[in-house]
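Under the working numbering, read the sequence shown as residues 1123 to 1377, first letter to last.
Just so you know, not all the hints are guaranteed correct.
As the list claims (entries may be wrong) - Listed next, with one range per pair, are the computed distances between beta-carbon atoms: (1) P1263 / D1168: 24 to 32 Å; (2) S1335 / F1269: 17 to 25 Å; (3) A1288 / G1369: 42 to 50 Å; (4) H1291 / L1313: 24 to 32 Å; (5) G1369 / S1335: 37 to 45 Å; (6) F1231 / L1313: 47 to 55 Å; (7) N1198 / L1320: 38 to 46 Å; (8) F1261 / N1310: 28 to 36 Å; (9) F1231 / H1192: 44 to 52 Å.
As the list claims (entries may be wrong) - Result set (DSS-like, lysine-lysine): computed pairs, CA atoms no more than 27 Å apart in a straight line: (10) K1366 / K1141; (11) K1137 / K1239; (12) K1160 / K1142; (13) K1141 / K1160.
Don't read these hints as lab results, they were simulated from the structure.
Since this is a predicted model, take the numbers as computed values, not measurements.
Glycine is no exception: its CB is placed at the ideal position from the N, C-alpha and C atoms.
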Amino acid sequence: MDVDSDLDEVAKGLKKLSKKMPRSVEMRIGSTLNHFEKSLVLRDVDLEMSSFRAICGEEEASAAVISALHHRRYENASRLNVRSHQHKWAIVGCMLALSASLQPILSEFQLHMDFAKVRIDLKIPLSNFGVSGGDTVAFQPVEPLDFVHSKHGMGDAYAFEEELAALAHGSKFESIKELVKAMANSRNRLLYASDKELPKSKATWQQLDVRRSRAVTLLVIAVMILQSKKKLATIRQALPAVLKVIGRLPNTTTS
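Take the sequences, apply the hints, and build the full model.
As structure tokens, then:
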């Protein structure tokens, strides 16, 4: 998938798909896309508010995932609060940790949107697995999120501890708890002055594009959760990891 050229098309497709989704998810898909449209317009005139919009857009995309989990009634999903900044950023953190381990497999892929069936499918070229001549041959999982992430020596209850720790350390934080706390407070730093300086965004346009890409990925995940009445293996495995991170966080702000 060529992210730079395809993101706009994926966003358009998501907006169209959302019209047939539960209202709670539809509204958050629309809000996510609106935030990033406004963020793009503001880049040249107000980088702080452009950054603020992008952060809010990423949060709304995470809220769409939580709403989808609630709708499909995943076990313990009720413990996720769609209004909690920290819960939403715990979802983002888990997605980033898992995507790092999947990067070699998903170096190239295609998304196919079926607007009649309201679903998104994933096609992965066999060349990703080193198959000679596999550029033109792909496999398509029955459900894109119905696979288990296994690790040698780890049981079925493995909750991505190593991946979450690697994400935190790679981001220069002591733990995933500290990383999620910082992400949850990121928009406040754009709004309020300290005793020494005015608020100022240090975000580059590339970083704002990365936020948009992550948000679109979260929206795709929300659709994939909704499209299956089955409790998908990837989600059943990832949800305990999110809840474990949340369990380490203080009970603070909601929005």
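Is the Cα-Cα distance between K1366 and K1141 27 Å or less? violated, 33 Å
That 24 to 32 Å hint for H1291 and L1313 (C-beta), does it hold up? holds, 29 Å
A range of 37 to 45 Å was offered for this pair. Does it hold for the Cβ distance of G1369 and S1335? violated, 29 Å
With the threshold set at 27 Å, check whether the alpha-carbon distance from K1141 to K1160 stays at or below it. This hinted pair holds, its Cα atoms lying about 21 Å apart.
17 to 25 Å was suggested as the range; check whether the CB atoms of S1335 and F1269 agree with it. At roughly 22 Å between Cβ atoms, F1269 and S1335 fall inside 17 to 25 Å, so the hint holds.
A1288 and G1369, beta-carbon distance inside 42 to 50 Å? violated, 20 Å
Looking only at beta-carbon atoms, does the pair N1198, L1320 fall within the given range of 38 to 46 Å? holds, 42 Å
Outcome of range test on Cβ distance (F1231, L1313; 47 to 55 Å): Given a distance of about 37 Å, which is not inside 47 to 55 Å, the answer is violated.
Just to be sure I understand the hint, the distance between the Cβ atoms of P1263 and D1168 should be within 24 to 32 Å; is that true here? violated, 43 Å
F1261 and N1310, beta-carbon distance inside 28 to 36 Å? Given range 28 to 36 Å: violated, Cβ gap about 44 Å.
Given the hint of 44 to 52 Å, is the C-beta distance from F1231 to H1192 inside that range or not? violated, 28 Å
Can the restraint linking K1137 and K1239 be considered satisfied, given a maximum Cα separation of 27 Å? Answer holds: K1137 to K1239 is near 15 Å, not above 27 Å.
Violated hints, in rising order: 1, 3, 5, 6, 8, 9 and 10; the structure is consistent with all others.
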